[in-house]
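Asks: Quick note, the sequences are listed as chains A and B, same order. Residues 1 to 459 in UniProt numbering are what the first sequence spells out, letter by letter. Residues 1 to 459 in UniProt numbering are what the second sequence spells out, letter by letter.
In case anyone wonders, no lab produced these hints; they're calculated from the structure. Do not take every clue at face value.
One copy or two, either will do: identical chains are not told apart, so a pair holds if it fits within one copy or between any two.
Unchecked claim - BS3-like mimics (lysine-lysine), calculated; alpha carbons at most 25 Å apart, straight line:
(1) Lys38 <-> Lys208
(2) Lys442 <-> Lys5
(3) Lys275 <-> Lys113
(4) Lys240 <-> Lys208
(5) Lys459 <-> Lys80
From a predicted model like this one, the values you see are computed outputs, not experimental measurements.
There are 2 protein chains.
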Amino acid sequence: MDMQKLDDYFKTNRQEHLEELKAFLRIPSISSLTEHQKDIQKGAEWLKKSLEKAGLENARIDETPGHPVVYADWLHAEGKPTVLVYGHYDVQPVDPLHLWETPPFDPHVRDNKLYARGASDDKGQTFMHIKAVEALLQLNGELPVNIKFIIEGEEEIGSPNLPLYVEQNQDQLKADVIVISDTGMQGPGRPAVCYGLRGLAGIQIDVKGPKGDLHSGLYGGAVQNPLHAIAEILASFRDKEGVIQVDGFYDDVLPVSDEEREEFAALEFDLEQEKRDLGIEEDFGEKGYSFVERTWIRPTLEVNGITGGFSGEGIKTVLPSEASSKITCRLVPNQDPDDIIAKLRAHVEAHKPAGVTVNITDFDKGKPFLTPYDHPAIQAAGRSYEKVYQVPTAFTRMGGSVPIVAAFDEILGLPVVLMGFGLASENFHAPNEHFHLENFDKGLRVISDYLFEAANLKK
Amino acid sequence: MDMQKLDDYFKTNRQEHLEELKAFLRIPSISSLTEHQKDIQKGAEWLKKSLEKAGLENARIDETPGHPVVYADWLHAEGKPTVLVYGHYDVQPVDPLHLWETPPFDPHVRDNKLYARGASDDKGQTFMHIKAVEALLQLNGELPVNIKFIIEGEEEIGSPNLPLYVEQNQDQLKADVIVISDTGMQGPGRPAVCYGLRGLAGIQIDVKGPKGDLHSGLYGGAVQNPLHAIAEILASFRDKEGVIQVDGFYDDVLPVSDEEREEFAALEFDLEQEKRDLGIEEDFGEKGYSFVERTWIRPTLEVNGITGGFSGEGIKTVLPSEASSKITCRLVPNQDPDDIIAKLRAHVEAHKPAGVTVNITDFDKGKPFLTPYDHPAIQAAGRSYEKVYQVPTAFTRMGGSVPIVAAFDEILGLPVVLMGFGLASENFHAPNEHFHLENFDKGLRVISDYLFEAANLKK
C-alpha cells in the first residue's frame, strides 16, 4: 500500500488518537486489587467500543471466573493468513503514590512522553494495534490479512484464567501467528524483536510466632521473633553474589550456545550508562555472566516485599506476632514453575528457624518461552521495524515474563512474535510510568506494515 | 492510720475514680506520632488539673524541647523524708488497629479489666499515686511524708529531654527515694518489687539501592535488591539460638552471682503456662539460661519492624529502591548504649552487602539499672505489698526498660523503688492493652501504706 498515505493519515489523526488513549488510561483497571473490580469492567467495555469503532466485528466481552477477556475479529481476507493480536487492559498497582509527579490515572504529556499507569504496559501498545487496523480499514476498506484480537484483564496477576479460556476457544482463536506488543526495544531508536521470555514462579511466605504482638523488652531473648525468622529464611536463598542456594534450582536450565552469547555481547549495551540511569554505583550478580545475560538467560529469585512489626514514625519496641514476604523467581528454559515452587518449599522447610510456624502460598506461575529467532514470522517483524526506524533490528530475549506466551505456544502451537515499543527507562510497574510518543508514532506504522508482511507468511 | 477508713474511702469513691481514669485514657497522647502533638498537650493539662484536685500544690506544666513535664508537690511534712513519684502520660501507638476488640481510646471494663491504650502503661498506674495522695489528704488533712510528682510525656520515645530537665531542676527534685509504678507483678496475686531493669539501644537501618523502584523481571539478577540486602544484614545479627554475633557485644556484661540465679530459679515460674499464654510451641534463646534469665539478665537484639517493596494484596513484581528496619537492643549492667550502638554500626559496616548504600540512625538510648535488693526503701515496699496481698513479695528484675530510671539514679543519686501493678498478660505496647482492676483496687492501698512506710526511712 501507499505508505505515504498511511503516514498522512496518522499525522492528521494524531491528536484524536492521543485523546482516545488518554481516556483509556484514565480507567484505573488495577487487576490485583479487588476494590478496582468495577474499573476492570469499565476497561473491558471501553475496549469493546474502541474495537467496534475501528471496524472490527464480533466484538464481545467474555466473562471468565476472574476478569473478562475482550474479543473482536475481521475475517474477510479470504485465503490469507490470520494474525492473532494479544494484549492486556489491566495495569499494576500504583503505590508508592507520593512518588508520582502527576497522578497515575490523570495522563499528561511532557517532553513528548505520555505519563500514566499503563501508558506503555500495556494499554498504549495494545491501542496501537487497534488504531493500525482502523487506519487500514479507513484508507483501503479492507485488511491484507484476517485478524483476531484477544485482550485480557489479568496479565499483571499472572493470567490465571486465560489458559483455560484459550483451550476452550481453540477453534475460534485459530491463527497462523500471534503478535504481542508488551515488551521493550533495545533502546531509543533501536528496534528489537524478542524471541525469548523468562517464566515466573511466585510465593508468599508467612511466619507466625506468638499469638499476639509482644513487648520486646519483656519477651525479647526468650521468644522467637518472626522478623528475625523471616530475615534468616530470606538470607538463606542467595549467596553474596546472588547465586541461588535452593537445592536443584539450576538443574533444568538449558545451556545457551556460545553463538547466541556472542550475539548478546555484540549488542550495543552501555553498562556505565545503565548504572547512571539506575542510580547505582555497581552492578550485581552471578560471576561469569554479563548484565544482559543475568537478566535474559539466567533465572533469579527476588524478594518483592517484606512486612512485619512497626513501620511508623519513631520507635515501637514490639516483638511482632507475624511477618511475611512476597517472592518471585524468573525462570529460563526449561525450568518448570511447579517444580521450582516445590524446591522453594523444600528449601524453606529445611531452613525453618526454631520457634515459629511458616506457611507458604503459591502465587503466579508462568513457563519460560523461546522461539527460534530465524522463524519467518520473526524475520518479517524485523523487516517492518527496519523500514520505519531505518536501522537493523536486534533479535533479543527479555528478562520479564508474559506468562500467557508460553500457554499460547503450548495450546495453539503457533509462533509468537513479540514486537515491543516500550523502553526500559519507562518505569513500568513503578511510579511515573510513561511512553515515548516517538515510538507510538513509529509503532503505528510498523504494525500496519507488519500486516502486509504477514500476508506473505505460509498458511 | 486506720486502714479500714482508707478501705471504705476507696470503696465509696471507686466508680468516680474509674470515670476519672477513663477520661484520662480517652486522650490519645501517643508521643511518637507528631499528629498527636495536641493530645500530648491535653494529657498534660488533664494531669495538672487532676494533681490540683488531689490537693497537691505548685502544679505546673514545664515545657521542654519535646513534650512537657507535669510537676506538683506537697511539702508540709516537716522533718520527714521526701518521696519523688515518677510516671508518664504518653502512650504507645495503637496499630494494628483492627486487632482491638474495643477502640484503644474508648475505655471499656470487661470482666473487671479496664481496656484502653495506657490503662496499665502508664496512665492507670500513675493515676493510682494521685488518688492515694488525694485519699490521705481527704481523710487526714496531711501526708506522712513530703511528696513530689514528676510526670513526663516522652517515656515511650526514650525520654530524650528528661535527663536534662532533671539536671536543670536538681534542687527542686531533691528527695530521699523515687517511686515508680511502671512495671509488672510476678503474676496474678503475686506482688513484686523490681530492683533491676534492662537498658535500651535502638537504631534504624536504611538500605538504598537503585534510585527508583525497578521491574524485578527486567533487572532482577543484575541489580542488588535492597530487601535481600537488609535480610542479609538482619540475619547476620544473631545465630540460630539467638546469640548475638556483634563483635564485643557481651564484653561489658556483669556476671550474675549463683545466689541471685538460685533466687530466680525459686520463683514460681510456669514455663508451660507461659507458652500457652503466648501461643507458642517452644521457647527460644541462649542455651544455659532459663526463660526468666533470658529476659532479665541477658542482653538482646530484636528487630521491631521491616518495610520495603510491595505489601498489598496480590503480587507486584518490583525490585524496590529502598528497605528499612528498626532494631532495639536490651542492655544489662554494665553495657553502655553508646558503646553498643558503635558496635552495631561496625557490624553493619563489616556485613554490608554489595551494590547498596546503608545508613544507620541512632534511636532510643537508656542505661541499664540495678539497686541492691536489700536496700531499706525496697524492703519497705515489700512490706506494703504483703499487708494488702497477704503473700510474700518477690524481689525481681525485669526485661523492659524505663530509661529514665538510670538517669534518676545517676543525676539525683537516689534509690529507685519500682512498685509495679501491671501483669505481663496485659498487652501493653500491643492491641487490647488492659489493666486488672483487682490490682487497681489493691494498688491504691499498697501505695497509701507505702507513704507511711517511707516516713520511717532515713533522711
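Asks: Hint by hint, say whether it matches the structure.
Replies: To see whether the hints hold, each was checked on the structure:
no.	hint	in the structure
1	Lys38 <-> Lys208	neither (34 Å within a copy, 37 Å between copies)
2	Lys442 <-> Lys5	within (14 Å within a copy, 94 Å between copies)
3	Lys275 <-> Lys113	within (22 Å within a copy, 59 Å between copies)
4	Lys240 <-> Lys208	between (27 Å within a copy, 17 Å between copies)
5	Lys459 <-> Lys80	within (7 Å within a copy, 107 Å between copies)
The structure does not agree with numbered hint 1 stated previously, though it agrees with all others.
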